[in-house]
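**Student:** Let chain A serve as the given structure and place chain B on it in line with the hints.
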Amino acid sequence: GIQVEQSPPDLILQEGANSTLRCNFSDSVNNLQWFHQNPWGQLINLFYIPSGTKQNGRLSATTVATERYSLLYISSSQTTDSGVYFCGNGGSQGNLIFGKGTKLSVKP
Amino acid sequence: NAGVTQTPKFRVLKTGQSMTLLCAQDMNHEYMYWYRQDPGMGLRLIHYSVGEGTTAKGEVPDGYNVSRLKKQNFLLGLESAAPSQTSVYFCASSRAMNTEAFFGQGTRLTVV
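One line per chain: the protein sequences are A and B, in this order.
When we follow the numbering used here, the leftmost residue of the first sequence carries the number 66, and every step to the right adds one.
When we follow the numbering used here, the leftmost residue of the second sequence carries the number 161, and every step to the right adds one.
Next up, chain A with everything else stripped away, as it sits in the complex (with noise of 0.2 Å):
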């Protein structure tokens, strides 16, 4: 089946400095989103993007389709930014395939 594999599996930074987390898919992409989980548990939509760049303030997104690959880009981090960060690539029963996340740490 589909593998969605999430790198680097934690990450730990100072405040004010800038990240990339990286999706690799195993099959053709397609409705790829990006969610930050907070630590309260809650899962927030960052980006659908299942190809092109999208921005949204500090946060940035690239899905490269042909090459099966979607990168989150974090820049100034603040410690709000803290949590664990997830893609999910669309499977065929309509769900999202997830990888094992991201685990984000900005210290102050």
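Treat the hints as calculated values from the structure; they're not laboratory data.
It is possible that part of the hints are untrue.
Said to hold, decoys possible - In the DSS-like style, the derived pairs of lysine-lysine whose C-alpha atoms are separated by at most 25 Å in a straight line are:
no., chain 1, residue 1, chain 2, residue 2
1, B, Lys169, B, Lys231
2, B, Lys169, A, Lys165
3, B, Lys217, A, Lys165
4, B, Lys217, B, Lys230
**Tutor:** For chain B alone, kept in the frame of chain A given last:
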């Protein structure tokens, strides 16, 4: 606009007890899903529905049942809870297949 709302937020069950988790969405979405999230893992699909009156099995359906009697509601039932069902459960909805999904706030279930 509430989006996707799950009830309850927390629950502790004894082994063998039953319960129902309720998911309600106000976006008129056709597709609804139930996922479970276990430590160190992403979300895994339990059951899903492509419209009112329809349900189908996902990746990890054993021990769960679902119903979609109304378009806006998707219920997840545990008939006889087991400790292996201790998890965080998320409901999601989307307008159609392979469109943006929106998630509820999650239900933390502990089975003792």
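**Student:** All the hints need checking, so say for each whether the structure fits it.
**Tutor:** Quick rundown of the hints versus the structure:
1. B:Lys169 to B:Lys231: Between B:Lys169 and B:Lys231 the Cα gap is close to 22 Å, so the pair holds against 25 Å.
2. B:Lys169 to A:Lys165: holds, 23 Å
3. B:Lys217 to A:Lys165: holds, 22 Å
4. B:Lys217 to B:Lys230: The hint holds at about 18 Å.
No hint from the list above goes unmet by this structure.
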